[in-house]
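Student: Below are the chains, spelled out letter by letter.
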Amino acid sequence: MNRKRLAVLVPTSVALALIIGCGNNEETTSSPSPAAGGSASGTKEASAEAAKPTKITIMAGLNSAEVPTDKIEKLIEEKTNTELEIQWVPATIYNDKVNAAFATDALPMVFTGDLNKFSEAIVDGQFWEIGPYLGEYENLSHLSQSVIDVMKVDGKLYSLYSERPFARQGLIYRKDWADKLGLSAPTNLDEFYEMLNQFKNNDPDGNGKNDTIGLTDRSDLIFGAFKTVASWHGTPNYWGEKDGKLLPEFMFPEYMETMKFFRKLHQEGLINQDFPVTSKEDQRALFINGTAGAYVGSLQDAAGLKTEVTKSNPNAVLDVQNRIEGPKGPAVWELTQGGGTAYLFPKSAIKSEEQLKEVLGFYNKLMSPELANLLQWGVEGEHYTVVDGLAKAVDDKKLLDREVSPYRTSVAVGGDISIPERLREKVEDPLAQKANELILDNVNFMISDPAAPLESKTFVEMGTRLQQSINDATYQFILGEIDEAGFQKAVDKWLADGGQKIIDEYTAAYAASK
Amino acid sequence: MNSANVQAKYPDRLSGQESLVKSVIKHGALYLMIVPGLLYFIIFKYLPMFGLVIAFEDYKPYKGIFGSEWVGFAHFERLFSEPMFLTILFNTLTLFFLNLVFCFPVPILLALMLNEVRQHRFKRVIQTLVYIPHFMSWVIIVSISFVLLSMDRGLINELLVAAGFDKVNFLMNPDWMRPTYILQIIWRESGWGTIIFLAAMASIDPEQYEAARLDGAGRFRQIWHITLPSIRSVIVVLLLLKIGDVLEVGFEHIFLLLNAMNREVGEVFDTYVYVAGLQQGQFSYSAAVGFFKSFVGLVLVMAANWLSKKFGEEGIY
Amino acid sequence: MIQDKSWGSRLFDGINIALLALVGLITVLPFIHVLAGSFTTTAELARKQLVLIPTEFSLDAYRYIFSTSTVIRSIGVSVYITVVGTVFSMLLTVLMAFGLSKKTLRGRQTIMFLVVFTMLFNGGLIPSFIVVKSLGLIDSYGALIIPSAMSAFNLIIMRNFFQNLPDGLEESAKIDGAGYWSILFRIVIPLSMPAIATISLFYAVNYWNTYFQAVMYINDAAKWPVQVILRQIVILAGALTADTTGWATEDVLPPAQSIKMAVIVVATVPILIVYPFLQKHFAKGALLGSIKG
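In the order they appear, the protein sequences are chains A, B and C.
Per numbering that gives the first Met the number 0, the very first residue in the first sequence carries number 0; after that it's consecutive.
Per numbering that gives the first Met the number 0, the very first residue in the second sequence carries number 0; after that it's consecutive.
Per numbering that gives the first Met the number 0, the very first residue in the third sequence carries number 0; after that it's consecutive.
Derived by calculation from the structure, the hints in this document are not laboratory data.
Among the clues, some could well be false.
[What the hints assert, rightly or not] Result set (DSSO-like, lysine-lysine): computed pairs, CA atoms no more than 30 Å apart in a straight line:
| no. | chain 1 | residue 1 | chain 2 | residue 2 |
| --- | --- | --- | --- | --- |
| 1 | A | K350 | B | K309 |
| 2 | B | K166 | A | K263 |
| 3 | A | K151 | A | K116 |
| 4 | B | K25 | C | K101 |
| 5 | A | K259 | B | K166 |
| 6 | A | K356 | B | K25 |
| 7 | B | K308 | C | K173 |
| 8 | A | K116 | A | K456 |
| 9 | A | K179 | C | K47 |
| 10 | A | K310 | A | K116 |
| 11 | A | K226 | A | K51 |
| 12 | B | K241 | C | K101 |
| 13 | A | K364 | A | K396 |
| 14 | A | K179 | A | K259 |
| 15 | B | K62 | A | K116 |
| 16 | A | K174 | A | K263 |
| 17 | A | K396 | A | K78 |
| 18 | B | K25 | A | K226 |
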C-alpha cells in the first residue's frame, strides 16, 4: 500500500472510529442529564396513573473496585415501583463530580454529602428541608432524634442518614502471647502498658529472639490507636465542657497525659517506631506476621485479622477487649453519625414538593424490613440464609462485594436501631461474636462530642486547616521533638489563628442550646 | 526602511516577505495543516480559560462562575500575607533547583551511556528495564520505599545495623526528605527521559564517528564533539519547558512523603492548598494559588526563552 | 563499521556495560517485587515484606481479578482508546508541528507562544467539564480522546525535530516541483521515524494512563479504562482517601496485597511491551542512508 493511500485511509478510519466512539453515547441508557429526566417523569407521574414507576436518580460513592451488579437494584425497583438510575462514582473523585454536577446543573436527586462542606449551599436554599415531612412516613419517623439533632443545619433537617456503629474501637491482642506470659486481659491503663511491655521484652513467641513489639499503630490519630487510648485516659471527644465553655480536646490535661503515654511507648520501643508514616496495610502486616501483639482499632477487624494471622501461624489465638479503664472509668469515643452518610436532596433536581414526597416515600420503603434486609443482606438463599432468626452471610465474600456490599454502604438508610425488624447478623466465629457484643457494650460508656449538633462559622472555614498544626504538634511531642512548652506554643498559635473564635462560637451555641 | 532594518525589526520575516494574504495563497498547504491543531487548542484549551476568573471571585458551585461575587486580588493578598508563604516558596524553589541540578542531567548521561553500547540485545534490554519505573504510580513507589527505609524491619536499616551502624530515620527526619524526593525521582524518571535523547541520537551519521576516530579522537572526545551537539537543541527545549514548571513540583509525590516531622521543609504550594481546599471547597483560593504559580512560570519561561535566543538557540516560541 | 579495538575504548565499553547492568538491576528490582508478589500469597507478603522469588506460588490473585469481565473489559477499553487516540493525536500533531516548523508561516511565533501559554495556564476542571459536556461528549469514548488529543509538550518536541532536519532535502524536492503535502509524507516523515516513534509512545502512554477524564466524563462503568479499576483497588486503603471518605473506608478492608500487585502487573505490562517494538527506530543512523541515495 503506497503512502498516498495510507494517508487517506488512516484519517478516514480514525474519523470513523471517533464517530463510532461518540455515537455510543446514544446507545447507553444512562446518558441525558438526570435532572431533566427526573422532573419530566416526575410531574407527569403526579397527574398520570399511579402505576407508572417514579424515576429516581442517585449518586452513590463507590469504595470497591467494581460497580455492583444491578440485581439488587432491579429488585428494589420492582418492590418500590421506581426506575432507579444509580450513578456509581469512585470515592476519590466523588466531591469533584458533585461540584461539576452543581456547576452544570446536573445534580442527581439524591447524593451523599458532607454537611460541613455543603452548609453554605444548604443555607442558601439549594436543598429541600425534609424535617417537616418525616412525620408523614412511618418508617422514616423511626430515625433517631439524637442523630437528627446532630445533622440539623441552622436548626433545620435537610438530610437522611445511614447508621454506623456508634463506637467500634477496642483492643485486639494475641491471647496466646498473653497466656504464655501469664497475663490476663488488661482492664486498665497500667495493665495495658504492662502487657505491651512484656510483649516486647519477654519473648512472647518463644523463639529466643528479641523481635517483637507491643502495639502496632498507623498514621491516623483518629482511627488509629491515639483517639481511643485518649478516651481511655478520659479525654473528651473532640470538644469538652469546662467551666461552662466548650474547649477542644487538646486543651485538656488528659490529652497531654495520652501524648506522654505514647511518648513513653515510643521511647521504650513498645510501639512501631515509624507509626506516624505507617499505612493501614503495613500496620496490619506487623500484627499478621507476628511482630506486634496488640492492635487498637475497630473491633470488627478482629475476625479478619484472625483469618490472616492463622494462615501463617495456626497456633495463634486472638482476643478482644474493650473496658480498659483510665482515671475516669471506662470510656470510648462516639462516632458522630451522619458524617459521611448524609443524603441530600437538591432542589435543582427535585423540582416540586410532589416529587420530594415520592423520593421520601421511596426511602420510607427502603426502611421497611423486607427492603432493609435486601440492602443489608441481599437475596435470601443466594447471599444469606436465616439461622435462628438471624442472617448468616454466605462465605463467598467476592460475591457479596460484587452484589450487595455497595448497596449496604451507599444506598441504605437507617440501620439496626431505626429498623428493629431488620435481621441481625448471625456470627459463627466466637471471636466475631464477642467483638459484636463488646461493640454493643461500648454504647454504655461512650463519650459524645458536645459540639456535634452545634455550628461554628469559623470552624467550617478553617477548622480542618488549623487542626493540621495541632496534629503535627501531637506527633512531634510523641516523638520527643518538642516538649510541653512547645506543644503549648502550638495551642496558643491555634487560638490566635482563629481557634479562639471557634471556641467562642461553639460556647455561645452550646449555651443557647441549653 | 531598507531590508536589513526590516530583518532586524521583524525577525520572523525573511527579507522581502509578502503580506499575510499572499503568504496564505502561496503556502496554503502549510496553513491548512495547522488548522486542526489550532481548532483543538482553541476549543479545549482557550475556551475553558474563562475559568481563570475563579481566582478573582468568591466562587460557589451553586452560583456558577458568572454568578459568583467578584473579589479582585483578595485571594492573592491572603496568599502573600500567609505566614508560611515564604517557607512554602523557599521549599518549592529548593526542590525545583535540586531537581534541575540532580535529576535533569541523569537521563542525558544514561542516554549517552546507552548510545555507546554496541551489543544491540543488551542495549534493548537495559533500555526496556530502565523505563519500567515510570509506569509505577507514586503510591506504589512510596510504599516500596517504606519497606526499604522503615525503622521497623526496613531492609536498609537492618543492613546498617548488621554493619554496626545506628538506624537512620529516613522517613521522618527532615534532613532526609529532600534526598529521598530526589532519589525517587531519579529512579522513576531517568529511564523514561532517555527516550527523547536516544531518538535524537539516532539521527547522527555514523560516518562522523569514523572520521573522528581516524583523527585520533578517543571515546570521550567523540561524545563531546559529536553526540552532545546533536542533542543540544533537545536539551535546551526540555530545559525551557522545565523552567515553566518551576513551581510545579509534583503534588501526589510530595503529599505522600509529607508528615508531621518534615512539613517545614516539604510543604509546597500544592500541598498547602490541598488542606485549604478540604474546607467548604475553597475553589477560589486554590485557583488563585494556581494562577500565581502559572504566572511565575510564564515570566521565567519568557525570560529563559529570550535568553536562549541570545545564545543562538531556536527557543520554544 | 570498523570496530575500535584500542584498549582505551574497550575499557570504556567494559565499565559502561557494567554500570548499565547495575542501573538496570536497581531500576527493575521493585518491579520484580511487584511481579513476584502477584504470584504469591498474602501471608508470604506480610511475612517477608520484600519478595523477589515467591516460595509459595499462587495464582489466586489473578484468578480473583479475571473471575469477572471487569478488568478484561477495561483493558479492552484502554487498548481501544490508546490505539485510536494515538493515531488521531499523531495526525494533528505532525501536521501542526510541520507547519509551525516552516519559517514561511506567518505568525508562527505568536502561535507557538499561545501554545506554550496553554502549558502554564489552565481554566480548571469545571470549565473544561462544561466545554466537554456542551459538545455532547459525556459518556462517550470521544470524551477520552478528543479533549486530550494534543499535548503542547509533544508538539514542541516534534516541531524541534522537524526544525533540525537538514534544509537541503526540502530544497531539492521543491526544485523538483513537490508541494508541502508531498514533502511531508514522502520525505519528512520517513526521515523522522525516531521522533515519530517517540512522540507516538508518549501519546500512547498518556492514553493508556487515562484516569481523571474517565471518572469525570464517563458515568457508565462499562466504559471505564483499566487505570480507573486499578486505582479503585490500589488507592482505596491509601492516604489520599483519608479526608472525605475516611468514614466509609473504615468499613472496607484493604484488598489483599497480592491482588493489588496483580492489578498493577495487568495494568502496566501491555503498555510496557510497546517500547521494545519501537526500539528498532532508535538504531543509530538507520535512516540516513536514504538521504545519500
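Student: Tell me the hint numbers this structure goes against, listed in increasing order.
Tutor: 1, 6, 10, 11, 18
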